[in-house]
Amino acid sequence: MEAMIDLDNIGLTFTRDGTETEVLRGLTLAIPAGRLVAVLGPSGVGKSTLLRVIAGLLAPNTGSVTLDITPDRNKLSVAMVFQDARLLPWRKVWSNAAFGLEHGQLSSAERRSKAEAALALVGLAGFSERYPHELSGGQRQRVALARALAVDPEILLMDEPFAALDAITREGLQDELARIHAATGKTIVFVTHSIDEAVHIANEVVVLTGRPAQATAKVTIDAPQPRRRGGADTADLVARLRAGLLEPAS
Amino acid sequence: MVCSPSRFTIAQSRATNGNESRTADTVTRTKSVALSAFGLAGFLLIWELVPGLGLVPATILPPPSALPGAFLSEIRNGIWLSALSRSLSHYLAGLTIGCVLGVSLGIFTGLWMPLEATLAWVVRILRPIPGLAWVPFAILWFGIAPAAAIFIISTGVFWISYFAALGAVRAVDRELIELADAFGFRRADQKLFKVILPAATPGILVGVRTALGQAWMAVVAAEIFGVPGLGQRMMQASNLLASDIVVVYMATMAAAYGAIDSIFVAVQSWLLRWKR
Numbered sequence: 000m001e002a003m004i005d006l007d008n009i010g011l012t013f014t015r016d017g018t019e020t021e022v023l024r025g026l027t028l029a030i031p032a033g034r035l036v037a038v039l040g041p042s043g044v045g046k047s048t049l050l051r052v053i054a055g056l057l058a059p060n061t062g063s064v065t066l067d068i069t070p071d072r073n074k075l076s077v078a079m080v081f082q083d084a085r086l087l088p089w090r091k092v093w094s095n096a097a098f099g100l101e102h103g104q105l106s107s108a109e110r111r112s113k114a115e116a117a118l119a120l121v122g123l124a125g126f127s128e129r130y131p132h133e134l135s136g137g138q139r140q141r142v143a144l145a146r147a148l149a150v151d152p153e154i155l156l157m158d159e160p161f162a163a164l165d166a167i168t169r170e171g172l173q174d175e176l177a178r179i180h181a182a183t184g185k186t187i188v189f190v191t192h193s194i195d196e197a198v199h200i201a202n203e204v205v206v207l208t209g210r211p212a213q214a215t216a217k218v219t220i221d222a223p224q225p226r227r228r229g230g231a232d233t234a235d236l237v238a239r240l241r242a243g244l245l246e247p248a249s
Numbered sequence: 000m001v002c003s004p005s006r007f008t009i010a011q012s013r014a015t016n017g018n019e020s021r022t023a024d025t026v027t028r029t030k031s032v033a034l035s036a037f038g039l040a041g042f043l044l045i046w047e048l049v050p051g052l053g054l055v056p057a058t059i060l061p062p063p064s065a066l067p068g069a070f071l072s073e074i075r076n077g078i079w080l081s082a083l084s085r086s087l088s089h090y091l092a093g094l095t096i097g098c099v100l101g102v103s104l105g106i107f108t109g110l111w112m113p114l115e116a117t118l119a120w121v122v123r124i125l126r127p128i129p130g131l132a133w134v135p136f137a138i139l140w141f142g143i144a145p146a147a148a149i150f151i152i153s154t155g156v157f158w159i160s161y162f163a164a165l166g167a168v169r170a171v172d173r174e175l176i177e178l179a180d181a182f183g184f185r186r187a188d189q190k191l192f193k194v195i196l197p198a199a200t201p202g203i204l205v206g207v208r209t210a211l212g213q214a215w216m217a218v219v220a221a222e223i224f225g226v227p228g229l230g231q232r233m234m235q236a237s238n239l240l241a242s243d244i245v246v247v248y249m250a251t252m253a254a255a256y257g258a259i260d261s262i263f264v265a266v267q268s269w270l271l272r273w274k275r
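Top to bottom, those sequences are chains A and B.
In case it helps, numbering that gives the first Met the number 0 puts the first sequence at residues 0 to 249.
In case it helps, numbering that gives the first Met the number 0 puts the second sequence at residues 0 to 275.
Just chain A, with the same shape it has in the complex (with noise of 0.2 Å):
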């Protein structure tokens, strides 16, 4: 199958205060379409910078980042979801679901209906008019996963969405996910430092680990959604992941 996203060879070394610091190093890694692949690491080993590497946000001082897209200058194709919400707070949530959309010609109706339609796909019909400051956490981190579905974008890239969330409101945003995944068939990567959650939603598990980072383990789960946490036939995946975590040598 033809990879959507293609890294060859990325490295990325960072400079601060004449220190230079290697991130990543002879990085290469094919992410098929329509598959939702997790990058499973231990904090700081890079995993934000690979995703950032990926969105064209920083550029990689080596090797070649290739995205199986249709370019087109009046529609985003790569959306992405971070760690805090990150929404604009003078706008309202319909508004802050249709941020992705001011590109190109669409009417303000076109891009409200668009941005209704993904509030709605993340259970937040209703909540259009109201203000960032008077939602949950987890309902902003909602309209931030709406803002990157309404562009309907190829590629979706989250860091770690749902690592500052409560345990609850975090399992049921994986399990959402998931649906919205199953549903949409988009390519999804999905950075996470958590074994149980690369676990329950993921079809690929790619483990990033050592300084600079290197992709030390790839692993394929064909367990069918939607997965019971801690089912038994996940437990020993769950054991190998956190093996190969903890000795990144092997």
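Hints listed in this document are in silico derivations from the structure and should not be mistaken for laboratory results.
Idealized CB from N, CA, C, for every residue including glycine.
Where hints are given, some of them may not hold.
What the hints assert, rightly or not - So the derived label-pair ranges between C-beta atoms look like this:
1. G171/A x F37/B: 57 to 63 Å
2. S42/A x V32/B: 53 to 59 Å
3. D174/A x L118/B: 53 to 59 Å
4. R186/B x G171/A: 57 to 63 Å
5. A116/B x I68/A: 38 to 44 Å
6. L271/B x T12/A: 41 to 47 Å
7. R169/B x T12/A: 23 to 29 Å
Please build the complex by placing chain B on the supplied structure of chain A, with the hints as guidance.
Chain B only, in chain A's frame:
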């Protein structure tokens, strides 16, 4: 069954507490309004008595009771309205020019580092010059004309709004700018209008509100040099020892500034209605 009476008691006592504290609030508020009114009345009374008892001549301190008459005569001869409208026109022109220039330059400087470096020393030289120190040049360049007053007013306003806008733009959350990048708004003008300007608006408005007060003071100062308006009329009255008229214009300035500030606060809270 056992615990239900006690639960009822808790609910009841809570309700009582709520009522009591509400009543206490109302009492406190009524008390403080009464005290404020009392304080004002006392102030006016002492003010009335000092010249009334002959402690000082009424020309040096006109009693409040003399003011309504002075005010009516100023209105009847049409001077009050024309002075007020002239001052307001200087004020609005100076404020608009100073704010537009200050805010725009502040935004550009905040966005573009080379510009800040280029202007750094120029700003350091010009900034400490008090607005009134520009009076000689204002008269030299514009004569004793409204333009001179507008120039003096806008100089003061310029610096306040410049620094407010510069600071506000600098303080915009980098993450919101990254958000704009991530959603394809990569051109500087897109970032400016989608994220930076709205995010900086609260800070800019705080500066503009300060400028509002500063500009009003500059109006009086600028007109004292002869440009027609409230300040000039006040100086005329003062030269004629018509101190009651001076007080009428002082009160006019206070009232006009109060009205302007209230209007601004209303506009500000409408613009920032998204804030909690």
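Taking the CB of G171/A and the CB of F37/B, does the distance hold inside 57 to 63 Å?
-> 59 Å, holds
Determine whether the Cβ-Cβ distance between S42/A and V32/B falls within the hinted range of 53 to 59 Å.
-> 56 Å, holds
Given the range 41 to 47 Å, decide if the beta-carbon distance of L271/B to T12/A lies inside it.
-> Holds, since L271/B and T12/A (Cβ atoms, about 42 Å apart) stay within the stated range.
Consistency of beta-carbon spacing, G171/A to R186/B, with hint 57 to 63 Å | 38 Å, violated
C-beta pair D174/A, L118/B: status relative to the range 53 to 59 Å that was hinted | Roughly 55 Å apart at Cβ, these two residues keep to the hinted range, so it holds.
At the C-beta level, are A116/B and I68/A separated by a distance inside 38 to 44 Å?
-> For I68/A against A116/B, whose Cβ atoms are near 40 Å apart, the range 38 to 44 Å holds.
Status of the given 23 to 29 Å range, CB of T12/A versus CB of R169/B | 28 Å, holds
Hint compliance for this structure: hint 4 is the single one not met.
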